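Asks: Here are the chains, one letter per residue:
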Amino acid sequence: MVTATPETVNGDLSRSVTSREQAKRHRKFVIIGFLVIPLSLMTLFSVYPFLQLIYFSMTDWDGLSPDSNFVGLDNYHSLLVEGRGLLLPMVNSLYYFAGSLMQLALATYFAVILNRGMPGSSMYRLVLFLPFVLNSVAVSIIFRDFLQIGGGIDAVFEVLGLGAFKQQWVQDPDLVKWSLVFASVWRYMGFQLLITYGALQAVPTDQYEAARIEGASEWQQFWYITFPSIKMILGLQIILSTVGSLEVFEVPFLITGGANGTKTFIMAAIEEAFNFRRLGMASAMSMVLIMIVIVVITIQRLFMNRGKNDA
Amino acid sequence: MRKMRRLTPRKIFWNSVHYTVLTVASFLVITPLVLSFFTSLKTPIEALRGSKTDLPADWFNYANFVTYLDGRPVGLAFYNTLFVLVFSLLIAITIGTMAAYALDRFRFRGRGAILFTFILLMAVPGITTQVSTFQVMSFLGLVGSKWSLILLYSGADVVTLYIFMQFINGISREIDESARIEGAGYFTIFFKIILPLLTPAISTIVILRTIHIYNDFVLPYLYTPRVEQSTVSMLLYRSQDMMSAASEGALMAGIMMVIVPSIVVFLLLQRQIVSGVMRGAVKG
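Residue numbers (my numbering), protein chains in the order written: chain A, 126 to 436; chain B, -15 to 268.
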């Protein structure tokens, strides 16, 4: 039997203490080493600009000159209270919101029927998703060409014998908004379809088998099996649609350039900043949008959590 | 494939409804693209006189493509786009996986604050802060440089980081622990164990980011508006002056040069792309 002398005990202890300290130092080194670059970039290009935006929104800076004055909440006041018409483009978001709900309904419908594995499903899925991988400027020019007077859509109507339905798709101020919504749905529906489809794939097929043996109809299968399993993702998509319809920029900017009352709020903000050189006001507009988005997301979080507790 | 069950008249009716809707939708998706393709093969006179739905007289009339290539810096735009794409992906994947590993596997002071900031940043739409991000870039003297795009595509993208974190979270910690018992250090664990297991995550990010970067318009429009740094998006944006019957064919030829590579890659890698997008969407 070996009895440890006090010396050896102390020796072991101090060695393990130093090695533990070493491990600790090593751990710290790894954490810092792995995080320093990503976090600096994130700070420089996301966090700092965000904080700066808050400050800019309370100045009258033009974005160029060295001096700017702190004006407090003046920008917000003239934006929200005096109503200088800058909020007006916000109304256009309603069209895109309506469009995105239609898009969600369509995408869900397609996802559900394609998930049944009917012959040719993967072909259809591929075609419907295709627009999402295409260049946005290319798509917009194609649509400008397609929707113009004597453009592709009218030509197709002519061929189908529907010549009477020809419209001024982009010139008619009532119609143009829906034309743009169509272009937007055209582009993003397939992506949404894939998201929902992905969620449906996670539902075990034997549930459907069992339901079928019990004699459940397709509609009952949808209502009692499919719908509950995609409820969460649909809720999330409604929020994303709400947020998305507030920040529409590319489609109207590239197709109509904002003419004919199609300017969106983001377009107005970008214009304020880069064309009219009113960076302070543009920042205030951005902040208003961010507030709305945060409120929407918070409401959704509360709803979703309550839903979870109920279940 | 599931077996066909007895086809009741009701079922036949609904199936034909589904197929009709699917076919109409696919027709709507394809028509604008096909008509533009037709236009790219038409001579100016054909385009002026005929209807959009008329087939081109000569299916091998590539004159419009030559015109576009002669008049516009197509090669340069592809070079710039590829440059931005490759560096953005390399940086995003390197720093994204490392940061995700550190944030998921270690508990340290400040971690909660970092994660909270990420959630907040994800809620703030990127386009709204461009007004002031632009000032940072211009302070750094990077406006007008391709590096401004690379830094924003790789460094300011919280969603990529979040997707990596979700994937790392799905890798069992027991693997790390058993490696540590065998004496592996954190670096070895990260490079030899975690990184190889992240291959599906990396391919998801490569797919999602490539689609985004190749097609994005907003950032090139704001940061690299000059011809020397223009990406394919800006090449086309600058070609909009060709929207007249006389030069429309050439414009559509330019558009075909940009979108046909996407379509070809998409058809070749359809399975990987579809499952990659679905994985990314479910995790993100």
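The hints are simulated quantities; they were obtained by calculation from the structure and are not laboratory data.
Owing to the predicted nature of the structure, the values given are computational and were not obtained by experimental measurement.
Beta carbons: idealized from backbone N, C-alpha and C, even for Gly.
Be aware that a few hints might be false.
[Unchecked claim] List of simulated lysine-lysine pairs, DSSO-like, C-alpha gap at most 30 angstroms:
#1 A:Lys149 <-> B:Lys176
#2 B:Lys(-5) <-> A:Lys153
#3 B:Lys176 <-> A:Lys356
#4 A:Lys291 <-> A:Lys388
[To be verified] Across the chosen pairs, the derived CB separations fall in these ranges:
#5 B:Gly96 <-> A:Phe282: 23 to 31 angstroms
#6 A:Gln326 <-> B:Gly96: 31 to 39 angstroms
#7 A:Ala327 <-> B:Phe100: 26 to 34 angstroms
#8 A:Thr330 <-> B:Asp42: 48 to 56 angstroms
#9 B:Arg222 <-> A:Glu334: 40 to 48 angstroms
Asks: If a hint holds in the structure, say so; if it does not, say that too.
Replies: Against the structure, the hints:
1. A:Lys149 <-> B:Lys176: The given pair, whose Cα atoms are some 21 angstroms apart, holds under the 30 angstroms limit.
2. B:Lys(-5) <-> A:Lys153: Given pair Lys(-5) of chain B, Lys153 of chain A is violated - Cα atoms ~64 angstroms apart, limit 30 angstroms.
3. B:Lys176 <-> A:Lys356: Given that 30 angstroms is the threshold and the Cα spacing comes to 39 angstroms, the pair is violated.
4. A:Lys291 <-> A:Lys388: Satisfied, since the Cα-Cα distance of roughly 25 angstroms is no more than 30 angstroms.
5. B:Gly96 <-> A:Phe282: 23 to 31 angstroms: violated (59 angstroms)
6. A:Gln326 <-> B:Gly96: 31 to 39 angstroms: holds (34 angstroms)
7. A:Ala327 <-> B:Phe100: 26 to 34 angstroms: Given about 29 angstroms between the Cβ atoms, the range holds.
8. A:Thr330 <-> B:Asp42: 48 to 56 angstroms: About 51 angstroms separates the Cβ atoms of Thr330 of chain A and Asp42 of chain B, which means 48 to 56 angstroms holds.
9. B:Arg222 <-> A:Glu334: 40 to 48 angstroms: violated (57 angstroms)
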